[in-house]
Amino acid sequence: MSHFRSTYQHVARDSCFTRLDIRSKLWMICAVTAVALLWQNLVASGLLTLGIILVALWAGIDWRYIRSVLLLSTFFGVTLLFFHGFFPHGGIRQLTRHATLTPLFTFPAHWQLLGGQALYREGLLYGLSVLAKTLSVVLIIPVGIFTTELDNLIVGLVRAGLPYKIAFIFSSTLRFFPLLVARIQTITEAQRLRGLALEKMGLLQKARNYAKITVPLILGVLMRSQMVELTLQARAFSGSSERTQLHDSRLGPGDYLLCACSTLFWGGALIAYFGWGIGKW
Amino acid sequence: MTNPLARLENVSYLYPGAKTPALKNINLEIHSGEFLGLIGPTGAGKSTLCQTLNGSVPQFYGGRFFGQVIVAGLDTVQHPISELAHHVGLVFEDPEMQLVAPSVENEIAFALENLNVPRAEIRTRIPQVLAAVRLSGTEKRHPQELSGGQKQRLAIAAALAMRPALLVLDEPTSQLDPLGAAEVFATLRQLNRELGITILLTGHDAEELAEHADRIALLAGGELVAQGTPQEIYSRVELLAAQQLRPPQVTRTFQLVRQRGVAITQLPTRLAAGKRLLHALPTSCPTVEKEHVAAPDHLGPALLAIKNLTHHYANGTPALHDISLEIRAGEYVLLVGQNGAGKSTLVKHFLNLLTPTAGTVTVDGLDTRQLETSELAQRIGYVGQHPDDQLFTASVEDEVAFALQNLGYAEAEIERRVTVSLRQLGLLAHRTAHPLSLPRGDRARLVIAAVLAMEPEIIILDEPTTGQDYRGAKYILDLSRKLHQQGKTILVITHHLYLMPEYAERVIVLGKGTILLDAPLRRAYHAKELLRRTYLTPPQAVLLAQELAPPEGEGALLRVTPEEVAACFLPGGGR
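Here the protein sequences come in this chain order: A and B. Start counting the first sequence at 259; every next residue gets the next number (the working numbering). Start counting the second sequence at 11; every next residue gets the next number (the working numbering).
Bear in mind the hints are in silico, worked out from the structure with no lab data behind them. It should be emphasised that the depicted structure is a prediction, and the values quoted were computed from it without experimental measurement. Note that beta-carbon positions come from the ideal geometry of N, C-alpha and C, so glycine has one too. Some clues are possibly wrong.
In the BS3-like style, the derived pairs of lysine-lysine whose C-alpha atoms are separated by at most 25 Å in a straight line are [to be verified]:
no., chain 1, residue 1, chain 2, residue 2
1, B, K358, A, K458
2, B, K484, B, K498
3, A, K464, B, K358
4, B, K150, B, K522
5, B, K492, B, K317
6, A, K391, A, K538
7, B, K358, A, K423
8, B, K317, B, K285
9, B, K317, B, K150
Chain B residues, not near chain A, derived (Cβ > 10 Å throughout) [stated by the list, open to error]:
no., residue
10, N13
11, G53
12, G77
13, D104
14, E115
15, P128
16, R129
17, R133
18, R246
19, R516
20, P560
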């Protein structure tokens, strides 16, 4: 369980990020996301992604989590490169201001389906840039969320003006995933205890086995949700924002500093983009 | 006794789709300030009755509800559950399912926040209730990091913090070690006496309920069969037996004494009263009895062996330290220890579910690290603590057939073994039912059936009696004895020491990750102080036996059962 906590929930160690309020971290997420979406230049976008990975590691995000995100993005990346590389849309021409794109190679004309189709340099670069943007957005979120204890997250979100019920649902969703993963592990462990040699199975067999456990998994989750609902009601939960809080949420000097830095970064990026074209294709 | 705080009038209830009512025409008053124990066999309707008090039945489940339940002047059908929560705190049977917050302190604070309790007051109550349930110092921990017993205590603490007028606890101590259960009872009693909180508690802890409850209500088949003081209810041993329930061991002991012709006007239901009566009656233990020590030649070679085993969890927490032991083929071993002592961690090494940090674990001479869990599972049948974690198919028969299909048996053989296994566990009539639709006791038996179908030579039962009533627990243990007689090696983990003298031969006492004692059962049960060090208390029969004159001579019988203690009372005496 502890592995899943450190991987999917709260970071295992303290850092300056764990001491900050979720509101300032949300502001940072918004600023970084805005810049990531603004920049089209591959080098700028790539550097931003790399910077975010380093910040995430510094903040204590488990390398295994980052690695899983990178691995999962591989499929997405290949798809992006394929489509933008072979089938560059008009937007890429507009962006590069080139009437004709640079073909890297062309399939022989006599090939079926792909015959005559070229792979374009600009399309590939655009695909890589989109991938970098996506990774930046995906990886900056855990820097804010995973460095915040869930109870502080709820309090911070409520202080930020979110209705308590929504904040509670959000935090429950974050809690739900490690429980789901733990439940899958428990079921597979029970299967191994009944002689199922998962370690000797091929990928397809494993996938079939995981498909089989979907129903008990969903049933288990439904039973648990029902029980949780019962428990919440028995603990006087009504979803009303009219409630006290054990923890307070106050913005400190560090929070104001982060907000200022985020704003400066965002503002600076805008000025540099429109003033000197930094970040443009 | 004062005015009733809660009143059930002609209450009957059917769950949606049910043909028979879970509750039948119940009339019961719960008085302000009383401690009411609710007992009954599995399926008697205890949990349903508990949930009528906070409105979950029928508001949450639906179904057909007749009659009226009034709590603190509120009709539980007319007022929402969240409003009734101001007056009724409910602790459910399974703590795993009722922990909702990301930290221990938040778990306790959650309901208080909902009730608009000021922050300063919340901060005052958190350490109070944590101390009451022996969880001080865990404030910042994630509830999922706690052991089963600790989770149970946390759920109780969360309910205690609300200081409701009525605190309803549905089998809250079923997963606790005996001393943990005793402490919870003592805490509840203190809250009851000092804060005037009315308590309704269901459970199978006859000894504790006799000690602490003001009144006992006996439910069976959804009907209220009897109610009265613990003395009135627990001394009606025949009535309890008819409902497959058991009285406290002290009552059982003196009932046997009475059957020996000793005149006893009132059967004691509390240990202190039993000890007083014991000293007032003439006793003389037969001197011819000797401890039965199993001849070593009925045991085979070492089947399970652990050498210098140390285990640390992934986060570095030490769980086991330098443990060495051997279990020989044909042994019946009882593994005991407080919650979190490392019992489950130890046995999981036999199946390579956990890898030693240091040391070796071998099964029949083979290092478990060289074997896969699926291979080991063919030789070692492991039944874990939580049955629901081990059920993953769509029908009872599929559950049992799963392992057999993995082992490559032919269809006809699978069918034969499924039938035999289900019949053995009394589940044949449910073979097409969905596993999760069965009652908890049956679900636990289904897991055992699924494991037994593989015909393993070693069977490990991890807390098999948790959540079972007396009949269910005996059923499982009788089956384990039958398997033992067939030559299987049995290892049982349980807190219910009173159940085990008939079954186990050897006891391993684990405490804080080390072996405190490894001895024949009788000697282990009489090591009172050592057991106390790992939060265990011997059964009442052992404590009574220790009040008798010490046995003479080496190998003299150390008495552990009511029958053996009763044999020391001389016929003709009386009081």
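Each hint, compared with the structure:
1. The hinted pair formed by K358 of chain B and K458 of chain A meets the criterion: a straight-line CA distance of about 21 Å does not exceed 25 Å.
2. The hinted pair formed by K484 of chain B and K498 of chain B meets the criterion: a straight-line CA distance of about 18 Å does not exceed 25 Å.
3. Restraint check for K464 of chain A and K358 of chain B: the C-alpha separation of about 24 Å stays at or below 25 Å, so the hint holds.
4. Taking the CA atoms of K150 of chain B and K522 of chain B, the gap is about 22 Å. The hint holds against a cut of 25 Å.
5. Restraint check for K492 of chain B and K317 of chain B: the C-alpha separation of about 30 Å exceeds 25 Å, so the hint is violated.
6. Between K391 of chain A and K538 of chain A the CA atoms are separated by roughly 13 Å; this keeps the pair inside 25 Å, and the hint holds.
7. Distance restraint check for K358 of chain B and K423 of chain A: the Cα-Cα separation of roughly 41 Å exceeds the 25 Å cut-off, and the hinted pair is therefore not satisfied.
8. Distance check on the hinted pair: K317 of chain B and K285 of chain B sit about 43 Å apart at the alpha-carbon level, beyond 25 Å; violated.
9. For the suggested pair K317 of chain B and K150 of chain B, the alpha carbons sit about 36 Å apart, so the restraint of at most 25 Å is broken.
10. Listed as a non-interface residue, N13 of chain B keeps its Cβ farther than 10 Å from every Cβ of chain A; the least gap is roughly 24 Å.
11. The Cβ of G53 of chain B sits about 19 Å from the closest Cβ of chain A, beyond the 10 Å cut-off, so the non-interface label holds.
12. At roughly 21 Å, the least C-beta separation between G77 of chain B and chain A is larger than 10 Å, which holds for a residue marked as non-interface.
13. At the 10 Å boundary, the C-beta of D104 of chain B falls inside the reach of chain A, the nearest C-beta of that chain being 8 Å off.
14. With 10 Å as the threshold on Cβ separation, the claim that E115 of chain B sits away from chain A is violated: the shortest Cβ distance comes to roughly 7 Å.
15. Not every C-beta of chain A lies more than 10 Å from that of P128 of chain B, the closest at about 6 Å, which undercuts listing it as non-interface.
16. Interface exclusion of R129 of chain B from chain A breaks down, the closest Cβ pair being 6 Å apart, not more than 10 Å.
17. Interface exclusion of R133 of chain B from chain A breaks down, the closest Cβ pair being 7 Å apart, not more than 10 Å.
18. The Cβ of R246 of chain B lies farther than 10 Å from every Cβ of chain A, with a closest approach of about 34 Å, so its non-interface assignment holds.
19. Even its closest Cβ contact with chain A, about 25 Å, leaves R516 of chain B beyond 10 Å, as expected for a residue assigned away from the interface.
20. Distance check for P560 of chain B against chain A: the nearest CB is about 46 Å away, which clears 10 Å, and the non-interface claim stands.
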